[in-house]
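K.L.:
The lines below spell out each chain.
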Amino acid sequence: EPEVTQTPSHQVTQMGQEVILRCVPISNHLYFYWYRQILGQKVEFLVSFYNNEISEKSEIFDDQFSVERPDGSNFTLKIRSTKLEDSAMYFCASSSAFRGPYEQYFGPGTRLTVT
Amino acid sequence: SQKIEQNSEALNIQEGKTATLTCNYTNYSPAYLQWYRQDPGRGPVFLLLIRENEKEKRKERLKVTFDTTLKQSLFHITASQPADSATYLCALDSWGKLQFGAGTQVVVTP
Chain A
1171 EPEVTQTPSH QVTQMGQEVI LRCVPISNHL YFYWYRQILG QKVEFLVSFY NNEISEKSEI
1231 FDDQFSVERP DGSNFTLKIR STKLEDSAMY FCASSSAFRG PYEQYFGPGT RLTVT
Chain B
3 SQKIEQNSEA LNIQEGKTAT LTCNYTNYSP AYLQWYRQDP GRGPVFLLLI RENEKEKRKE
63 RLKVTFDTTL KQSLFHITAS QPADSATYLC ALDSWGKLQF GAGTQVVVTP
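Each protein sequence line maps, in turn, to chains A and B.
According to our numbering, the first sequence is numbered sequentially starting from 1171.
According to our numbering, the second sequence is numbered sequentially starting from 3.
Do not take every clue at face value.
List of simulated lysine-lysine pairs, DSBU-like, C-alpha gap at most 35 Å [to be verified]: (1) A:Lys1212 x A:Lys1253; (2) B:Lys59 x A:Lys1253; (3) B:Lys65 x A:Lys1212.
The set of hints was computed from the structure by calculation and includes no laboratory data.
Given only the sequences and the hints, what does the whole structure look like? Please build it.
P.N.:
Given below as structure tokens:
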């Protein structure tokens, strides 16, 4: 069964450093998302992406964040200058459609620890 | 924005019984509501989706109801098994953006 993959599984970085989280969505999916989950809290939407541009973003997704689809398979989330409060689990998701009742398939997540 | 409330206390249930989880929301009713399962340290896994004009949806031992008047969805696991132990998340579907509740942990004991 096709699945979303994410690398690395765990990333430790120092405050102020840049990190790039990588995702490979399901191959025939066209819509991509990033969510985050701070330990013990709920899953929060960050951004949705379609046709090489951002469709929607949350208040969390400020100028420190960016997303990119550098090639036909990868989807990345970059945090330019990490803060302690960026420590969380980051989930990538993809779906075959957007505006309609379509389930999202989530990856296993990248645990980001900012020290 | 929407406020989504799920039972914050863990639901402990004996194997074979039915677990019932509640999801309440404020403000507008979404066109769709989804339920996901999340195991510790893992990503959410899609279970069921229900439209606003559907009262009930079933999939194997799972059943979801959606009452837009009460602004509530109920999620049932019948004949529960220890393997059903996980956190169950309610998500309001706002045109592709999922807004999740905090989830309810279910613990099924043999």
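K.L.:
Take the hints in turn and mark each one as holding or not.
P.N.:
For each hint, the structure was consulted:
no. : hint                  : in the structure
1   : A:Lys1212 x A:Lys1253 : 19 Å, holds
2   : B:Lys59 x A:Lys1253   : 43 Å, violated
3   : B:Lys65 x A:Lys1212   : 23 Å, holds
Hint violations for this structure: number 2 only, all remaining hints satisfied.
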